[in-house]
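Given chain F, work out where chain X should sit, using these hints.
Protein chains: 2
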Amino acid sequence: MSVLVVGSVALDSVQTPFGRHKDLLGGSATYFSIAASYFTDVRLVAVIGRDFPKRYIRLFKKYRIDTRGLEIKDGKTFRWEGEYEYDMNTAKTVATHLNVLGKFRPKIPKEYRKTKHVFLANIDPDLQKSILRQISSPQFIACDTMNFWIENKKRSLIGLLKEMDLCLLNDAEARELSGEANLLKAAKVIISLGPRMVIIKKGEHGCLFVSKRRCFTVPGFPLETIHDPTGAGDTFAGGLMGYLGRFDKVDESKVKKAIIYGSVLASYNVEKFSLKKLLRLNRRLIDKRYKEFKKLTHF
Amino acid sequence: MSVLVVGSVALDSVQTPFGRHKDLLGGSATYFSIAASYFTDVRLVAVIGRDFPKRYIRLFKKYRIDTRGLEIKDGKTFRWEGEYEYDMNTAKTVATHLNVLGKFRPKIPKEYRKTKHVFLANIDPDLQKSILRQISSPQFIACDTMNFWIENKKRSLIGLLKEMDLCLLNDAEARELSGEANLLKAAKVIISLGPRMVIIKKGEHGCLFVSKRRCFTVPGFPLETIHDPTGAGDTFAGGLMGYLGRFDKVDESKVKKAIIYGSVLASYNVEKFSLKKLLRLNRRLIDKRYKEFKKLTHF
Chain F
4 MSVLVVGSVA LDSVQTPFGR HKDLLGGSAT YFSIAASYFT DVRLVAVIGR
54 DFPKRYIRLF KKYRIDTRGL EIKDGKTFRW EGEYEYDMNT AKTVATHLNV
104 LGKFRPKIPK EYRKTKHVFL ANIDPDLQKS ILRQISSPQF IACDTMNFWI
154 ENKKRSLIGL LKEMDLCLLN DAEARELSGE ANLLKAAKVI ISLGPRMVII
204 KKGEHGCLFV SKRRCFTVPG FPLETIHDPT GAGDTFAGGL MGYLGRFDKV
254 DESKVKKAII YGSVLASYNV EKFSLKKLLR LNRRLIDKRY KEFKKLTHF
Chain X
4 MSVLVVGSVA LDSVQTPFGR HKDLLGGSAT YFSIAASYFT DVRLVAVIGR
54 DFPKRYIRLF KKYRIDTRGL EIKDGKTFRW EGEYEYDMNT AKTVATHLNV
104 LGKFRPKIPK EYRKTKHVFL ANIDPDLQKS ILRQISSPQF IACDTMNFWI
154 ENKKRSLIGL LKEMDLCLLN DAEARELSGE ANLLKAAKVI ISLGPRMVII
204 KKGEHGCLFV SKRRCFTVPG FPLETIHDPT GAGDTFAGGL MGYLGRFDKV
254 DESKVKKAII YGSVLASYNV EKFSLKKLLR LNRRLIDKRY KEFKKLTHF
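Chains as they are written, first to last, in my numbering: chain F, 4 to 302; chain X, 4 to 302.
Just so you know, these hints were derived from the structure itself, not from any lab. It is possible that part of the hints are untrue.
With a cut-off of at most 27 Å between alpha-carbon atoms, the simulated BS3-like pairs for lysine-lysine come out as follows [to be verified]:
no., chain 1, residue 1, chain 2, residue 2
1, X, Lys257, F, Lys298
2, F, Lys191, X, Lys297
3, F, Lys291, X, Lys259
4, X, Lys157, F, Lys260
5, F, Lys297, X, Lys260
6, X, Lys106, F, Lys297
Extracted from the complex, chain F is given alone in its bound form (with noise of 0.2 Å):
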């Protein structure tokens, strides 16, 4: 089995009070697809410019990830450079460079059209629905987006909604989106748009889960350290679906559990710089945690 994830690879240029880095490897799919190798075949599709450094290709094919899908484009790749204060919940944007992303179209590769398992990055929505027109017969589809879109493109993302199983997004987002304050309110609106559940992430203080039959709230694993939290979200994801990817059917239980791992995930990543800890994991590692999560939760 494996899942398909289009998004964004980058390179990231990020400070937070532990520290300052640049051109480090980064993006929604890069965090998506090293989170997801964990359990699953990943295929990649996404663009980069002639001065991405090779090593990070040979780095993606470690880790089984199929690059046939990566772009190569005459230009530079995307950059993206942003800040933290000590409250690590919210981003400041300092710079965005899109560079080849500007004009990515993605064409998803002959040998991936088959696959049932496939997540939507953060991109454009027109974009997303593009992708979705060139798989044959995708069983499981997951969104994310951003307040970008959500201001701009909105008639086209919630087109987009209709055809998702399940849309993953902030609380922010989830409150623009669906214009209640009220989370859980603001999911049940989100659900009647298309979606048959959402994700609804709310940094450390972890998620809340609704479909039409069931609601699910999981706090965020709590850390003592945490130096970046890019990519948080994406790794959240790649954990998430990557653990589904093992599944040829999907049913609410399997969505528990699978939220539970990319918990796990996002919970290593923010511990260290970009993926330095998320390239260093292992499955006794991850389903250490996953135990004690289960010990820190259950009563």
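Structure of chain X alone, referenced to chain F:
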């Protein structure tokens, strides 16, 4: 078995986006007592003025709350006036009139002196200490506090903490008392000051329990309706201590269950103004939401 509480009985004027009410029954010991009364007998120690409506005293009695420790003094009852905006996590205090509470010197009636479970709600830490001196052999003692005492009576407060089994405080208070922004680190610093256990309350985001050997984290119960968060922390403490009040020996697995009962009571309480909802509960409704809590969080 029974639990003793020392704290305030007040008349509150509260404004939220959902309404405005004057001279409502309030106060930390009030919320605590009603919540705890669903589990065990409650012994109340507080002070009121001659203006305190008799019907509220009858109300306490109806809930089998022992009011022999409720002093009636010449003067007016303590009054608190507060406002909440849409972000209901923080109250804005508009006015505080201490009135008879200003000269409160709690005297524990002879009949209360052998109580095993004691809750010292948020009052001057010197008074909290003076209460302990009047109890012969308490077995489980918990306290709450607030920023004012952390800023103005830190030494007394730290002295008190050494004698506590459990210290309850909110996230901002935990950060202020410990000097640590990270809540897990803050909890550990507080544990190092003396109490066996600490619970950091995070409003709608639930709470974090830490002891020397264990950590336990609970999300807030997802609610669509939040009309008045006044008293949520004291209701939480009442549910928690009320449940524990049924046991001779308190161990950490009982505290975990007690935290859920506390969360259940608090979640009901915020659904209506003042004590309106809290007064209409019963064990069936409480156990129903307890079970829902399990469904919402177990995986």
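Evaluated hints:
| no. | hint | result |
| --- | --- | --- |
| 1 | Lys257(X) x Lys298(F) | holds (14 Å) |
| 2 | Lys191(F) x Lys297(X) | holds (21 Å) |
| 3 | Lys291(F) x Lys259(X) | holds (22 Å) |
| 4 | Lys157(X) x Lys260(F) | violated (44 Å) |
| 5 | Lys297(F) x Lys260(X) | holds (15 Å) |
| 6 | Lys106(X) x Lys297(F) | violated (48 Å) |
The structure is inconsistent with the numbered hints 4, 6, although it conforms to all the rest.
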